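Asker: All chains should be modelled from the sequences, with the hints used to inform the complete structure.
Residue numbers (my numbering), protein chains in the order written: chain A, 20 to 507; chain B, 20 to 507.
One or more of the hints may lead you astray.
One-sided and incomplete, this derived list gives chain A residues near chain B with beta-carbon spacing under 10 Å [said to hold, decoys possible]:
no., residue
1, Gly113
2, Thr254
3, Ala255
4, Thr277
5, Leu280
6, Ser333
7, Thr367
8, Asp374
9, Ser476
Not everything, but these chain A residues come out facing chain B in the computed CB check (under 7 Å) [as the list claims (entries may be wrong)]:
no., residue
10, Ala285
11, Gly331
12, Val334
13, Ser368
14, Gly410
Hint data in this document are derived by calculation from the structure and do not stem from the laboratory.
All of these numbers come straight from a predicted model, not from anything done at the bench.
Note that CB positions come from ideal geometry on N, CA and C, so glycine has one too.
Number of protein chains: 2
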Amino acid sequence: VKRSAYAKLNYVFHPRSIAVVGASRRENGPGFVSALLRGGFNGPIYPVNPKADEIEGLKCYPTLLEVPGPADYVISSVSASRVMGLLEDANKKGAKVIHLFTAGFSETGDRKRAALEQRVLERARELGIRLIGPNCMGLFYPKRGLAFNPNLSIESGTVAFISQSGANVGEFARTSVSRGLGFSKMISYGNGIDLGESDFLEYCAEDPECDVIAAYIEGVRDGRRFFRALRKAATAKPIAVLKGGRTAAGNRAAASHTAALAGSSAIFDVACRQAGAVRVDTMEQLIDMCVAFHFVRSVPGPRLCIVGGGGGRSVLAADEATMAGLEVPDLPEDVQQQLLEFTPIAGTSVRNPVDTDMSWIGLGIKGIQDTLRIISRAPNIDVLLYHRGMGNWPGLDDKVDFQSLARQAASQMANVAGEIEKPLVLVGRGAIDGKSVDVVLAFQDEAAKRGIATFPSIERAALSLARLHWWQQNRRETMAQAQGSGNS
Amino acid sequence: VKRSAYAKLNYVFHPRSIAVVGASRRENGPGFVSALLRGGFNGPIYPVNPKADEIEGLKCYPTLLEVPGPADYVISSVSASRVMGLLEDANKKGAKVIHLFTAGFSETGDRKRAALEQRVLERARELGIRLIGPNCMGLFYPKRGLAFNPNLSIESGTVAFISQSGANVGEFARTSVSRGLGFSKMISYGNGIDLGESDFLEYCAEDPECDVIAAYIEGVRDGRRFFRALRKAATAKPIAVLKGGRTAAGNRAAASHTAALAGSSAIFDVACRQAGAVRVDTMEQLIDMCVAFHFVRSVPGPRLCIVGGGGGRSVLAADEATMAGLEVPDLPEDVQQQLLEFTPIAGTSVRNPVDTDMSWIGLGIKGIQDTLRIISRAPNIDVLLYHRGMGNWPGLDDKVDFQSLARQAASQMANVAGEIEKPLVLVGRGAIDGKSVDVVLAFQDEAAKRGIATFPSIERAALSLARLHWWQQNRRETMAQAQGSGNS
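Answerer: Quick look at the structure:
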């Protein structure tokens with residue numbers, strides 16, 4: 020019986036014990052030992068360092084061989100020159116997986132270091148040990164307490180992030196938490212000499228803990244296998260991919276970073292399209308796309324109605340949405356008439372964008388809610404966007420608790436979203452300082468708790484909705500083709 | 020003798036007295052009277068409202084005619100139907116300028132209201148009164164205390180912003196202050212039935228208080244005159260233009276907003292290029308471009324060196340800079356060797372992007388400074404960019420004053436910028452919450468005080484530098500052509 024990719028790889032994420040070889044004596048800040056402790060890893064953690072007796076309150080061992088029990092999973096922080104010896108020790112301790120945080124291999128461009136990397140891979144294969152890395156942060160699996168950075172949130176969620184860069188994992192985790200995204204697993208795999216993008220894509224495709232996949236990939240080891248893995252993942256789940264190394268300079272940087280052969284950006288693009296994945300251009304867009312996948316899931320069509328204040332902002336919003344690939348049609352005459360019954364005429368518009376100066380605070384919220392309700396019944400509208408500037412609050416003084424107001428507004432919007440039959444997304448825009456940023460974060464957090472997608476700008480919301488719509492259509496076509504060719 | 024545009028229009032910005040007709044009784048928040056008071060307008064301010072005795076501590080008059088002295092400048096907050104009467108009263112009080120905050124004219128799409136707007140214009144011309152608006156916020160001239168929003172900074176600077184949208188003026192002012200931009204004049208002109216984009220462009224071209232011009236334009240009344248005015252402004256000063264209404268939906272929104280006939284986006288593009296202006300796509304880019312114009316001024320060429328940490332971030336940075344139109348060449352072998360003398364090999368790169376994990380805090384700053392010094396001597400590099408993530412500070416606890424650290428780092432970078440002979444721009448990126456945003460703002464503020472350009476992301480910095488380089492080249496060509504054809 021052929022075992023599934025999930026069954027074959029699942030043990031990698033479920034070690035019973037972990038040794039951190041080359042653990043830092045003073046883990047002030049990030050460190051694997053404190054990350055595992057804070058993550059609540061449920062098993063022995065063995066710091067190994069001949070110069071320390073204790074690390075983060077745990078007994079420290081001079082060598083890996085002196086660790087009392089077996090070590091399923093070994094994290095290597097020693098220098099590259101010591102990794103071959105570590106492999107032998109790890110084998111003696113029964114290790115099944117070694118995560119090489121250790122860098123200084125092929126990515127340096129040095130021939131001897133590249134040859135050493137090759138020997139490490141060959142020896143690991145002989146020993147039946149799987150490698151993560153080298154030159155990476157490893158696994159982040161909050162549900163089981165696997166972690167590599169004690170400062171990242173350990174709340175579980177359903178997004179998987181497969182990343183060739185550890186820094187990008189940190190950035191993704193830190194900036195997406197306020198948008199309501201939690202992680203099933205985050206995987207930083209660096210040079211990926213053994214386990215790489217294709218292994219993890221196949222795994223996540225079947226992983227029942229994951230419902231959205233994000234990937235940051237610099238280079239692909241085996242193009243044909245990658246395409247199969249990507250198609251498998253994209254067929255199973257929504258997936259967004261950011262490619263690093265799309266230009267000659269980016270290619271060279273990728274080679275210096277993870278020894279990746281970045282390959283042709285155009286071919287990568289075609290692969291994503293044919294597999295049914297969405298390709299994005301920035302880390303911000305990767306997060307936005309996951310928000311759209313997770314919260315919006317699908318849109319009935321590309322026709323957007325934009326509701327909010329600020330004349331010039333409305334004009335630009337219409338431009339941005341159109342340029343992103345959406346349509347912003349005039350509302351039907353009867354819908355405009357219904358809106359005109361309570362929308363003041365001066366300084367407003369009810370065409371689309373609906374530019375209204377009704378406040379989201381206090382009594383005005385009823386007007387906004389009614390506006391959204393009426394628009395949701397327009398037959399030529401598929402999805403609604405409400406935006407609000409959060410950089411200033413005319414008429415309110417500093418004693419007001421703006422975070423509570425923002426939460427209340429998000430909640431009131433969520434109430435409307437629950438009533439209407441079309442998706443509603445929210446944009447809290449225009450934060451200008453720490454105070455207003457925290458108000459936006461409160462707004463986003465409350466909306467996410469109620470299951471509503473938020474975006475920091477109209478432009479980013481529109482791009483994500485346009486891509487969501489494109490993805491639905493493209494995926495339908497690619498699946499029909501795959502079935503037609505008996506190739507599903 | 021033909022008077023200059025500046026001499027002809029300067030009185031508009033220098034009223035001796037101001038009447039606010041239809042002043043709000045409770046100016047809780049924005050309001051013209053409190054804005055003028057806070058701005059320190061140096062002359063009588065007369066609130067007019069038959070229902071109030073006093074507004075913001077000033078005596079309030081029942082009608083404009085009852086105001087004691089002459090009223091050079093009248094701000095109209097009355098309804099559209101009362102503007103014709105107001106014109107007569109204003110004329111009796113010697114008004115030279117009326118700013119019509121009043122909306123509800125041609126932008127409503129209502130034929131009667133459009134006809135009323137036309138009558139207002141005709142009568143104002145008969146009376147020799149210039150109109151600003153209708154449907155706009157009017158003039159913001161901090162040096163003379165002209166203001167329309169008491170919450171905007173009234174610190175003077177050298178950037179002029181000509182905007183068809185009042186909301187965009189507010190957004191521009193609020194979000195650019197931390198980047199070190201101050202305003203000579205901001206002009207919100209709305210429907211612009213009398214004074215419009217061309218008048219203000221001609222004025223700003225000659226205004227000695229302004230050295231950079233930004234413009235947000237939805238529609239142009241007279242294409243030939245606009246092109247002449249734009250060329251005059253672009254010949255005199257760097258100018259960045261954001262066009263609202265670039266798509267069919269944006270066009271319709273512009274019509275609803277300011278009754279603008281937005282016209283062809285392609286023709287507008289050509290006009291900007293031929294005039295020597297930079298066209299941008301978003302409000303953020305408009306601010307970024309002013310930062311580049313004001314602080315960087317010019318770059319010797321398009322070859323960028325990127326310095327900072329975060330492997331995947333460096334790869335994406337190389338892509339983003341290349342896609343923006345810059346070059347990111349490998350550093351010369353000898354420069355790489357010099358950097359390798361003190362840059363650790365594992366997890367870094369000295370090619371370009373220079374990916375270094377040396378900290379900007381404490382001792383590490385010396386390494387960063389030396390890195391920038393050495394790179395600045397590379398013959399194939401024209402401009403340097405240093406970036407730093409500011410969303411987390413490994414190894415430092417909450418008791419550290421991060422804002423002070425950020426200011427110190429900006430100052431130390433400014434010291435290097437003063438030594439080297441190529442432009443250096445700074446990017447404080449990756450802020451994730453109110454606290455880290457305030458750290459970035461401190462970083463930006465200190466850098467600006469030292470005359471250094473900052474950007475919130477590498478992508479935005481690269482785009483602005485690429486446009487700055489394009490603008491220099493394009494302007495050289497357009498000026499040569501203009502001279503060649505005797506058409507300067």
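Asker: None of the hints should be skipped; say for each whether it holds.
Answerer: Cross-check of the supplied hints:
1. Gly113: violated, 28 Å
2. Thr254: This hint is violated: A/Thr254 lies away from chain B, its Cβ roughly 27 Å from the closest one there, beyond 10 Å.
3. Ala255: Violated, about 25 Å.
4. Thr277: holds, 7 Å
5. Leu280: Constraint on A/Leu280 not satisfied, violated at 13 Å.
6. Ser333: holds, 5 Å
7. Thr367: At 9 Å from the nearest chain B Cβ, A/Thr367 passes the 10 Å test, so the hint holds.
8. Asp374: holds, 7 Å
9. Ser476: holds, 8 Å
10. Ala285: This hint is violated: A/Ala285 lies away from chain B, its Cβ roughly 14 Å from the closest one there, beyond 7 Å.
11. Gly331: holds, 2 Å
12. Val334: Constraint on A/Val334 satisfied, holds at 4 Å.
13. Ser368: Holds, because the Cβ-Cβ distance from A/Ser368 to chain B comes to roughly 4 Å (cut-off 7 Å).
14. Gly410: holds, 5 Å
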